Structure formats: structure tokens, C-alpha cells
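Engineer: Required output: the full structure, derived from the provided sequences and hints.
Residue numbers (our numbering), protein chains in the order written: chain X, 1 to 806; chain G, 1 to 194.
Hints are computed from structural coordinates only; laboratory data are not their basis.
Just so we're clear, the structure is a prediction, and the values are computed from it rather than from any experiment.
Please note: incorrect hints may appear among the correct ones.
Stated by the list, open to error - Pairs of lysine-lysine, BS3-like flavour, derived with a Cα cap of 27 Å:
hint: 1; chain 1: X; residue 1: K78; chain 2: X; residue 2: K29
hint: 2; chain 1: X; residue 1: K681; chain 2: G; residue 2: K179
hint: 3; chain 1: G; residue 1: K179; chain 2: X; residue 2: K736
hint: 4; chain 1: X; residue 1: K681; chain 2: X; residue 2: K473
hint: 5; chain 1: G; residue 1: K179; chain 2: X; residue 2: K458
hint: 6; chain 1: G; residue 1: K186; chain 2: X; residue 2: K29
hint: 7; chain 1: X; residue 1: K308; chain 2: G; residue 2: K67
Okay, here's what each chain looks like letter by letter:
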Amino acid sequence: MGDYEKIAEEGKFKVGADVFEVVFDKIGKRGVRRLDGYEKASGEAIYNRDIQLPGMLYAKVLASPYPHARIVKMDTSKAEAYFGVRGVLRYDDPELKGRELNGSYFAPEWVNKGLAGWALKPIHLVLGDEAFYEGQPVGVAVVADSEQIAIEALQLVEIQWEELPFVLDQVEALKPDAPILRPGADSNAVFAGDLVEPVHEVGDVQKGFQEADRIIEFQARRRAHLWAGAELPCVVVRWRDNNLEMWVHQQQPYHSKMLISEWMDIPMNRITVHSPYMGCSFGGRGNPANNSENGMNILATLFAQRTKRPVKLLYNRAETFFGESGDMMVSDFKIGTKNDGTITAVEVKNNFAIYMCTNGIEHFTENTRIPNLRCETVTVDVSIGPAWWHRCEQLPNVFCFTLAFERVAAELGLDPTEVAIKNDGYDGKASSALFEYKEKHGFPARDSLVECIETGKKSIGWDEKWHPPGARKLPNGKMHGIGFTWDHEWDDCRGTGSAAVLIENDGTVSIIGHQSDVGVNSWTTYCQIVADELGMPYEDVRIKAFELDQGFALMSPDGSCCLCANGNVMRKAANKAKAMLLELAAKKFEDVGPEDLEIKGRVVRVKSDPQREMTIKKIVKNAMPMFDSCVFWTEAPIIAWAWHNQGIWGNSITTGRPRLCRQAHFIELEVDTETGLIDVKKIVNVNDIGKAVSPETVEGQMYGGTYMGVGRALSEEMIWDPKTGVLLNRNLLDYKYSTMNDSGPIDALFLETGLGHGPYGACGIGESTPTIVPAMFAPAVYNAIGKWILDFPITPDKVLKALGKA
Amino acid sequence: MKESNYSCPYCSTAFETSEELKKHVISAHESEPLPSPEGTIKLIINGELQTFHVEPEWTLYYLLHDKLGLTGAKMFCDRGACGSCTVIMDGRPILSCMTFAIECDGKEIETVEGIARKKHPLVEAYVNNHAMQCGYCTPGFVVTAKSLLDKNPTPTEEQIRSALEGNLCRCGTYPQHPKAVLEASKILTEEKGD
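Structural biologist: See the structure below:
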């Protein structure tokens, strides 16, 4: 086997329970100091927005003021002449004319011009003359001495617009009299590529309905919300001697490099990408194929080429509201169930606008024994910025899953936790099939769902507090409600990364690998893993993930799978380095072999005679990556690298890895029937994460997800003016997300069953809570007032309307 | 007629030398020797007196962040809704993005950099309690909490939540903040006790 074959083989994921020998010292322990902590708490952490270079110029792009309009005539002469303006780029400039964004790297065979909601837009120009949604970068960009001058110059551009008809609502958009948005099309329904099947069918739903004792039908709706990260996006570029240097607010900086290289025809080895700390991302800044990332990078690079000066292209808060929201869906459900809660068939008909990429039925496949499933999906183009997946694209799946289960339990008067357990399974097979899989593949024979439910019930006081809907009025006059939902774990089956482990000449350890930071404390976990795998002190291991942009790139903090991919990279590289270190040590001991030695803290010692030891520092003293060897012989350095591929996005059938970990969520709330306001009294999240490498980080993800989920359930909604098509609440006063006091106490509980497919039996944690929590409000509000409110977010006006008061 | 080199800005009396003018201003107008040129302000920033020439539209945030490189104050909401640009001015937490620099003449400003340099226990307490994720809003929380502890060294959890509820954190780290502030409060009280 050649070197290439060896590294490829080594990096392949293997199905089955993880087998490991490492002794946990720091892995799984509380109180491990987080590596980004001091910089962030002290204000020393540098974010993209903080980058300033000598002689830097500032660039702004025009945002379309209309939901659908074309530029008939544009005069930029006043802007060009304005004091302090150093350049203007127009849609008809030769560098830009007719040139589309390149998203091809991601989807060569699918939609070719991007993914998810971006696929729905008919044209993907970097800077075009037609806007398909308000806020779309269009027409012109300006670079100037200051941001203020650039803003003023854009106001001096004289544009004659032709306003075109628009439609905002996806149900309206399918009516015969709706304006057709896509040139040449005969409907606003859009083929969204292979990412979603128009009809997805498993088993035979008609047969399932016939077998049912009851048929339950209802409609539900999710409106658009936004991830609205803390840091306002910007890119900084510098162009020197045909070398491009860029500072990006990008979750996947390596992708930024690939895309800008392709678009600008700059060789990748002439591009340096810096990715400083990022003020939030949640997947939202993981879309290099769109205008606000790749498009931004392209325009800034063109300006830097023209002006020969560093350029910072910035967005303000309002500009972040366009093209980065979640999708919107209207769904019609038909569910067949036996009287004991055994569900026989689920049919969902979805109408998506601006679309994220999941269809709503997938969790029934991956998570239940329900044999008959059918999902009809229409994706519709509307005059609203395209959606992008952010914490996370599973929202449609979770929404349908929760509502279906909770409606069944409520209609039958059953305890929803029992309905969950009754239907647990995978691929239409009962949970006994999960146990067979576990046994066959060496996983512990534990029932994750039952354990999660038991833990959560105790914490919320389920058995004491559960009551029939609308039955408990509190002394304060409010109605008490309690709710539950469940789902499978997130996500341990994809991602690719590479890194090296180097033993420095003083015996400390450096992890070499490029990665952005989104705040999930990943560097700490890598150092925990490398330290424990080597048997060395955690304090001696460090990663400087921003320092290098070539050779090694770690799986980006994405998709809840960054630890599952990179954890494996770390331990492989660490173990190779360890073997090299012991080989060198054996030479120094002279009379023993590497297999006779072990690492303990900062020394290597002889296993059979632990008194015989040598410090690592002494062993590696001359193992030099570089030295001016005039006076002594050097030795080869201790450095080893590894690559790992955890798999590809997909379900249990395509990956061969059914999801074994489950989660259960509980909520207690109070509804004020006079004002319609909902008080969240307590939320309990129980997540079987297989194995926690950093317990505080796991809890942090659950706390944060809960607050995000509460906002999505109760207050986060983008509101457009139906007359003008303009977004009305494009700021953080009117677009309301959770503050500290918007939730009562949160219990962040986790189980460690070892049932994950990741390293040490772990699975993901980042996205699940904010995705699952929102839909759980529907059954809880029903439990409080006896009415279903299935139009999200559940705002006070909807509560009052449900109560017949508005 | 020979033009005088120095004229008094208060009464226009002309003088030959700046020394004479200074003497006149002090005795006749009981003022500082000379008023600063228009647009000049003095600030005590983290204990150091500094003077700046500022444009009227500059915010305090812009001066601190863009001109002085005190980048701990962050631009998040861009309109006074999130607390990430908070600094302490004369003992009170204020939003530097909503404050014009030119109106701050003579004020004492404390930023997160100053708080960290003084080794205030809040910084370590924030690290220990993981009261951060992406970290972008964290300095704003630390500054607001420091201002609270200055006034009330032993706050209750409810008082802490009330002081910090104006700070937005999109990562939702909220439950960890009261823990961090209580830990810092305990350390401060113990230090005083020693």
C-alpha cells in the first residue's frame, strides 16, 4: 500500500461502536479551562469587524429598495465625482456583466448556482440589474475613504427603476392570478433539484389509513425567522503582487478560498485566508455560494485590484435581514392511528417558500416504526430573499414530527411520552430492530428514548403536573400548560478534516490545523483529546487555529458534526505522534523497545520499571523541524498528520448507521388569557449525546438553543408590508429575540450511553435544541388553554384569537 | 497697523505674546489658560488622560473602536438595542454607539480593556463559568456587570438578571452569566475581608 492509499484507508469511517483504550483524564471532566475564554472575556479577541489595515478603504453595495424591480437607467456620475470616492463598480462593467456567483463547487450536478433557497432564484448575478427581493445586492457598489462617504455616494446614484409585480405569500403565489416571478415560467412552483423529491413515499399510506381506528387532519404554518448573528458581516481584502489576502467572516474559510479562486481565476496557492473570531454563525455564515458571502468577497477583491488598496466591504444590521432567513411552510397533515397510539400512516403535504432543503417527513423514517409515510412537497418562489440552513435545516422535519405526535396523543387522550415510546424505531421497524443493530455492532443494549423520558419526567415533575387540556387555572389567574416532544440525536455521520500533531522541542504539543471559531469551544475539546491520547498534561497542548490556512483544514464547526469528525482526526494524529515519540525515546533508553515504554505526564518511562524515566523535553530536544546545525547533529522532528472522513450527509439507509441516541424535551408555561402573553416557567432538555467531551460546552449548547427556540416559538418573525413588499422590522428592536428574562430556569441534562457513532461513542449537540424547542410550544399551549395554535410564532394576538377574544 | 499675534477668545483684546495672553485669560476670565480648539475633547480612558480632535458625527464607539483600537466595544445591533458597545462613563454603563464623542469632554471612561488590565475577578469568573460562546457580546456583559458590582458588590441573582437583561446574546449564554457574576462578587467580598 502506497502512502496515499494508507492515509486514505486510515481516514475512512468504519461502521460499529467505537473501540478505544484511552484513559480519560481531561476528556469528560468539568473545569477544563476553555482556550478562547480569556480573549473573549477581556475584549482581546479580534473579530473580522475589528480588522483595520493601513490605507484601508470602505465599500458598500446597493440594496434593492423594491421586492421586484429592474434598473432601466443608472447614472453614477455624481457618485463617482463625490469627494472621497475611490471607485464605483456597475452591473454593466466588463468584470461583472452577466457573471454569476459560482456555487458550483457544492452542487455540480444539482442546481449548479447554489443550494437551498438560493436554488429557487432565477438569476444569481454577483451584481445584476434586476432584484427579485427587497434588500438584494443590485446595480452598483462604491468604495470610498470612509463607510459614511460610501453610503452617501450610493445615495447620489440616480436610478430609474421599473417596478415589477411581486408576491410574498407562498399560497397566494400558486393562485392562477398571481404574478409569475421567473421569466419564461408558467408557475411559481419551482423544481428545487435533487435535494428534495416532489413526492416521497414509503409503504402504502392508503393501506395505513384503512388500518387506522382514527384519522386526524389539520393544517399548520411556520413563518420566517432569521439567525441574525451578533457580528455584522464584512470582508477585508488586500491585493499584493497578484497575491490575494482576505479576512473573512466565514464558517468554512477553505471554501471561501476555493470559490474566490475559481471566480477570479487566482491560483489557490496565491490566496491567504484569515478567519478571525466570528460573532455567531449557526450555519448562516456557512454559505459561501451566496451574495452576502462569495458575492461580497468578489466585489471587495475587484475593488482592491482596481484601487491597489486594502478594502473592507461591510453590511449594516438592516442588510443582514435579507437572504439569510429560515424557510416558511404551510403543511396539511393526515395521520392514521390505532386507539392505543400505534400510528399506521402519516401523510404531509407541504408548500415551502424560500426553502431550506428538508421535506418534513425524514424524521419519521429515521426515528419511528411507522411503516407508511408520504410527503408531497411544492417549493414556491416568492419575492423574499432565499432561505439558508441555519441551526438548522431540520426545522421542517422537527415541526412535522412534533405536531403529528402531539396531535395523536391529544386526540386519543394518551400520555405523549407513551405514544413516543410506542412508535420509536427506525426505517419502519420497531425499536427491537434498533436493539438488534446495537448488538450486532457492539453498542450497549440501552434504550435511549426511555432513559431520556424518565430523566426528563423527573426533572419537570411530569407525573404530578400533567393534566387534561385547559384544566388548570393558577392562583395568579393564568392557565398552566405542560408539553413534551422527542426526536433523535444530531448528527455524527459526516464531515472531513485533517490536522497534524507536532511535539515542539521543549516537549509541549502543537496541533496544526485551520479552523474558524463559532464559539462551540472546539479547540479545548481537541486539546483534551490529544492530551489524553498522548497521556500528557492538557496544559501542554495548544492549537492556534487561525494561524495557518494551508495544508491542514479541520472540519468546520458545522452541522453538529465538527467534534465527531475532528475528534477522530485528533486521536489518529496524536497516536501516530505518540508512536514516533516512543520510537525516539527507545533509542535514548538504548536497551528497550518502543513497546516497553509509556508516556506519563511530561515523562516517558519504562513500563516494567517506572522509576526509569526520561523527560519528553530531553527526548525531543534535538528533534528539529529546522536548525542551523554547526555544533551538533539534529534528529528528525516528531510530527504526524491524519485525515478523517466521518461520512456523508444522509439517513440511516444511505449511511448504514441508524440513529441510536434520542432526546426528550419538556416545557412548563403559563398563558395569560387576558393579554395572550406566554410565560415560560421551565424547560427541560434531555439529550443523549453518547459521550460528553466537555460537559460545560454541551450544557452551553442546550442553554443557547433553548433561548433561540423560545424566540422562534413566541416572538421572532419577519413581517413584510403586503402593499409594498418591504420588510418592516429589519432591526433588533422590532425583530425580537430572547433576552435573559424570556425563559424561566432551563435544565440542560445529558445522558452518556455511548450510542453515538462518533469518537468515544459521542454524537452531535449544536443544532438540536433550537430546532426542537419551538414546536413543543404548540402542545403546551394546547394543554394550557385547550386550543391548538398551529401558526408559528405563537404571538399574543393568535392566543387571544384562539380564545375568541380578538 | 500691525496685527496682533494673539487675541483673547473671550474679549478679543490683543497681545504680543502667548504668555501675556495666558496671564490675561487667567486673571480677567478666571479660566483655563486657553480654550481648546473646536472639536477637541479630553477624556480619561482607563485611567489615562488623553486629548482628541473629533468630528461632530463621531460616536464614542467609533473613537474607541476605530481610532484608539479599543476593540472590546462591539458593533452588534447598530442602534442601542443590544448592549455590546457598553462602556462605563463616570460610573454609569452607557451605550457608546449612541453617544457622540464630542459630548464626552472631561468624562472618565472605563472599557473592558481597562477592567481586564486591573485583573478584575469578573474576567476569570466569566472564563470559569463558560459565560460565552462566540464571545462577541461578552465584553458588553462584563462591562455592565462590572458597573453593577461597583455599585452593589453583593447583588442577588435577581438584581444581576435585571442589570444584564438589556444585553443581547444570540448564542443564548444567559444562564451562565449570573453564576459568573456571583463568583466574582464572592471573590471581591473575600478580598475586602482580607
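Engineer: Now tell me, hint by hint, if it's right for this structure.
Structural biologist: Now for the hints, and whether the structure bears them out:
{"no.": "1", "hint": "X:K78 <-> X:K29", "result": "violated, 63 Å"}
{"no.": "2", "hint": "X:K681 <-> G:K179", "result": "holds, 19 Å"}
{"no.": "3", "hint": "G:K179 <-> X:K736", "result": "holds, 25 Å"}
{"no.": "4", "hint": "X:K681 <-> X:K473", "result": "holds, 15 Å"}
{"no.": "5", "hint": "G:K179 <-> X:K458", "result": "holds, 24 Å"}
{"no.": "6", "hint": "G:K186 <-> X:K29", "result": "holds, 24 Å"}
{"no.": "7", "hint": "X:K308 <-> G:K67", "result": "holds, 23 Å"}
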